[in-house]
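**Student:** Now for the letters of each chain:
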Amino acid sequence: MDLGSFQTNSSVSCRLASQIPDVCRTEDCCLGIDEAGRGPVLGPMVYGICFCPISMKEELKALKVADSKTLTEAERENLFEKVDGASSYVGWALQVLSPNTISTSMLQRTKYNLNALSHDTAIGLVQYALDNGVQLKEIFVDTVGPADKYEDKLSKLFPGIDVTVRPKADSLFPVVSAASICAKVARDRIVKGWNFSEDLGDVNPEYGSGYPGDPKTKAWLLKYLDPVFGFPQFVRFSWSTAQTLLDSKGVTVHWDDDEEDGEKAAQRQNNKSMLSYFSAPAGGNNQNPTHQTHRFFTERRLKSLDTL
Amino acid sequence: MSTKKKRAPHLNNDSWVVVAADSAIDTQKPDNDPTFVRLRNPSTDAASLYMLSAGDAQLFEVKAFDEEFHSWFVGQTVQRDGRLLFVTPMDPLYLILPYLIKSGKEGKFQPVDQVLMDEDFPACSRLLSCTRSLSSLRHVAEEKEVANMKFHRYSEEKTMVWLEKKVERTVTALKKRNIYVGEGVKSTTYVRVKSESDHQQEDYLRYAHGLISEYISEDLSKALLRHLQLPELTSPKEAEPPSKKRKLSDKPVEAGEDYTKFNSADFARKPAKKMSAAQKSLAKVDKTGMKTMSSFFSPKVKTEKK
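Residue numbers (the working numbering), protein chains in the order written: chain F, 1 to 308; chain W, 1 to 306.
Misleading hints may appear alongside valid ones.
Residues on chain W that point at chain F, a partial pick, calculated with CB under 10 Å [to be verified]:
1) Asp14
2) Thr44
3) Glu119
4) Leu174
5) Lys176
6) Gly210
Just the calculated beta-carbon pair ranges, DEER-fashion [unchecked claim]:
7) Thr298/F with Ser281/W: 47 to 55 Å
8) Val251/F with Ser294/W: 45 to 53 Å
9) Met117/W with Arg300/F: 53 to 61 Å
10) Glu68/W with Arg38/F: 30 to 38 Å
11) Trp16/W with Arg38/F: 42 to 50 Å
12) Ser209/F with Glu68/W: 35 to 43 Å
13) Lys175/W with Phe297/F: 13 to 21 Å
14) Thr131/W with Thr298/F: 29 to 37 Å
15) Val19/W with Asp247/F: 33 to 41 Å
No more than 25 Å apart at the CA atoms, straight line, and that leaves these computed lysine-lysine pairs for BS3-like [to be verified]:
16) Lys280/W with Lys303/F
17) Lys102/W with Lys175/W
18) Lys153/F with Lys137/F
19) Lys168/F with Lys216/F
20) Lys175/W with Lys303/F
21) Lys303/F with Lys176/W
22) Lys137/F with Lys168/F
23) Lys165/W with Lys175/W
24) Lys280/W with Lys291/W
25) Lys153/F with Lys64/F
26) Lys150/W with Lys102/W
27) Lys150/W with Lys303/F
The set of hints was computed from the structure by calculation and includes no laboratory data.
We treat Cβ as the ideally placed atom computed from N, Cα and C, and that holds for glycine.
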């Protein structure tokens, strides 16, 4: 697993993949999808697929791949070596979504939520396998959101392929377990070797699990909060943990798509509140109501000043 | 989510991002810096900010590009005020003109340094130091020279000729820079297939007149409009809403109904219809302080508070 390209630019989404085994191009294959790092406020989310010929399912089972959550880090590393070593019939591919990608997707003007991002990433990986000639017949997915809806969506996108979306799929199907191990190992390695693009000096590596509930993570976030810029790119800004801290410790920043209280926003935009039509008309106290700045200036947002 | 962020008012800050001509900030003498001055804006009659270059040689107006949700990153600092100030050259005659007009009402020739006095804006006398000021007075005033002293008297006739030239020059500049002068809104990203050369000259004249009017009083602006022989526009807001569409026909108009029957003595009002129980109970409701539904839609209520 070569993480070099991601580590030189850790702000983007990047794909890592094994060689496609030749048998996968000729024989009917099954494919498992799983993700690692959905919940943490720190670090990337990694999506993984693993695929092998349906006839080789038992061999994969024999590798004793199991749900990544039940294993220690060392066991996972060990299992990944086994999966990667079985390159004659097992292939894998990963999509690393950097925390920055997650932040910018979720916080952009047209909101792109984590579920949609997850679904699209999974779809992208399946498409990658198909584009490389993998003869897919079965897909097994650990669910994101309601399982039947997700299953429906995937079945429609990939007609002719049998899609099974199931919660806990990573403990039910070995091919999903294998995908989950690949994803988890990649995430662990990335988080460990994170290159901070910000000039932070020696960064304290004690950020705990990265999950919002972890007091170590919270303390770390607080320590690296810059009042103007917020957090390093390692942090998912879109997490409410990060946002709450920014709201209380950071400088207030206003964006033009901020939601504001109706009355105030209307006033700011020079709209008339509905209520104003119902209140008693007050004497207009405008200084010079007749003077209207020429549209040359108003269109260009140019104003005269009376003081600096 | 953070929906209730309070927007504090902009505080005074001590730095600005300014775009200025070299001639505005050029200082040969270190003790003679360009200065910001508050002067009477000829159009609004209120204070506006201007800049005088070193030795008061040149006048500049100060305009701010001011749009919400902007801030600057300047070097290693953040500046909350996201405005961009423009310091652009301006003809000082525009600022001198209101004073000349005021004293011109007395009808006398006066030395211009006595005319340019303002309690509220004492800096206005500095306008006379501008290199253009004295030489350009002849465009708007009659001159008399007695014993090496110059006297001036405002002339509306000359001023109109001068302003007309300004309008013409503005038209040239507008055309050169492809500025859209037609009615209606045009998106900057919208590419027109047809070239805009078919715009009426009147559109350009009216637009240029509007621009010049930003620098002269309202009275002068109206006079200039007449001088340019442009009909005054009535804004659609003030105009009455169009009444119901009338059918066009050549036939003589006849009353559709015979109203004279109401005048006759034997006309009796129909007795009021009997009300249902629900209507009766509604009629008993205390209506004090309530407006009728129709009052919300009639034009009288338009005077809402701003």
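**Student:** Now tell me if each hint is right for this structure.
**Tutor:** Against the structure, the hints:
1. Annotation: Asp14/W was flagged as interfacial toward chain F, and the flag holds, the nearest CB pair being 9 Å apart, inside 10 Å.
2. At its closest, the beta carbon of Thr44/W sits 5 Å from a beta carbon of chain F; the interface hint therefore holds under the 10 Å criterion.
3. Using the Cβ-Cβ criterion of 10 Å, the hint placing Glu119/W at the interface with chain F is not satisfied: the shortest such distance is roughly 17 Å.
4. Here the hint on Leu174/W is kept, as its CB sits about 9 Å from the closest CB of chain F, short of 10 Å.
5. Because the closest C-beta pair between Lys176/W and chain F is about 15 Å apart, greater than 10 Å, the hint is violated.
6. Look at Gly210/W: its Cβ gets to within about 4 Å of chain F, closer than 10 Å, so that hint holds up.
7. A C-beta distance of roughly 54 Å is found between Thr298/F and Ser281/W, which places it inside the suggested range of 47 to 55 Å.
8. Taken as a hint, the range 45 to 53 Å holds for the pair Val251/F and Ser294/W, whose Cβ atoms sit roughly 51 Å apart.
9. Range check, Met117/W to Arg300/F: Cβ separation about 35 Å, and the 53 to 61 Å hint is violated.
10. A C-beta distance of roughly 36 Å is found between Glu68/W and Arg38/F, which places it inside the suggested range of 30 to 38 Å.
11. Taking 42 to 50 Å as the suggested C-beta distance range, the pair Trp16/W and Arg38/F conforms, at roughly 47 Å.
12. A C-beta distance of roughly 41 Å is found between Ser209/F and Glu68/W, which places it inside the suggested range of 35 to 43 Å.
13. The given range of 13 to 21 Å is respected by Lys175/W and Phe297/F, whose C-beta atoms sit roughly 19 Å from each other.
14. Look at Thr131/W against Thr298/F: about 32 Å separates their beta carbons, and that is inside 29 to 37 Å.
15. Range check, Val19/W to Asp247/F: Cβ separation about 35 Å, and the 33 to 41 Å hint holds.
16. The straight-line distance between the Cα atoms of Lys280/W and Lys303/F is roughly 59 Å, outside the 25 Å bound, and the hint therefore fails.
17. The straight-line distance between the Cα atoms of Lys102/W and Lys175/W is roughly 35 Å, outside the 25 Å bound, and the hint therefore fails.
18. In summary, the hint linking Lys153/F to Lys137/F is supported, as the alpha carbons are separated by about 16 Å, within the 25 Å threshold.
19. Restraint check for Lys168/F and Lys216/F: the C-alpha separation of about 29 Å exceeds 25 Å, so the hint is violated.
20. Restraint check for Lys175/W and Lys303/F: satisfied, since their Cα atoms lie roughly 23 Å apart, inside the 25 Å limit.
21. Distance restraint check for Lys303/F and Lys176/W: the Cα-Cα separation of roughly 24 Å lies within the 25 Å cut-off, and the hinted pair is therefore satisfied.
22. In summary, the hint linking Lys137/F to Lys168/F is supported, as the alpha carbons are separated by about 21 Å, within the 25 Å threshold.
23. With a CA separation close to 15 Å, the supplied pair Lys165/W and Lys175/W stays within the 25 Å bound.
24. At most 25 Å may separate the alpha-carbon atoms for a hinted pair to count; Lys280/W and Lys291/W meet this at roughly 19 Å.
25. Of the pairs offered as hints, the one joining Lys153/F and Lys64/F is violated, with about 31 Å between alpha carbons and a cut-off of 25 Å exceeded.
26. A threshold of 25 Å between alpha carbons decides the hint, and for Lys150/W with Lys102/W the separation of about 18 Å falls inside it, so the pair holds.
27. A threshold of 25 Å between alpha carbons decides the hint, and for Lys150/W with Lys303/F the separation of about 37 Å lies outside it, so the pair is violated.
Consistency with the previously given hints fails for numbers 3, 5, 9, 16, 17, 19, 25 and 27, ordered from lowest to highest.
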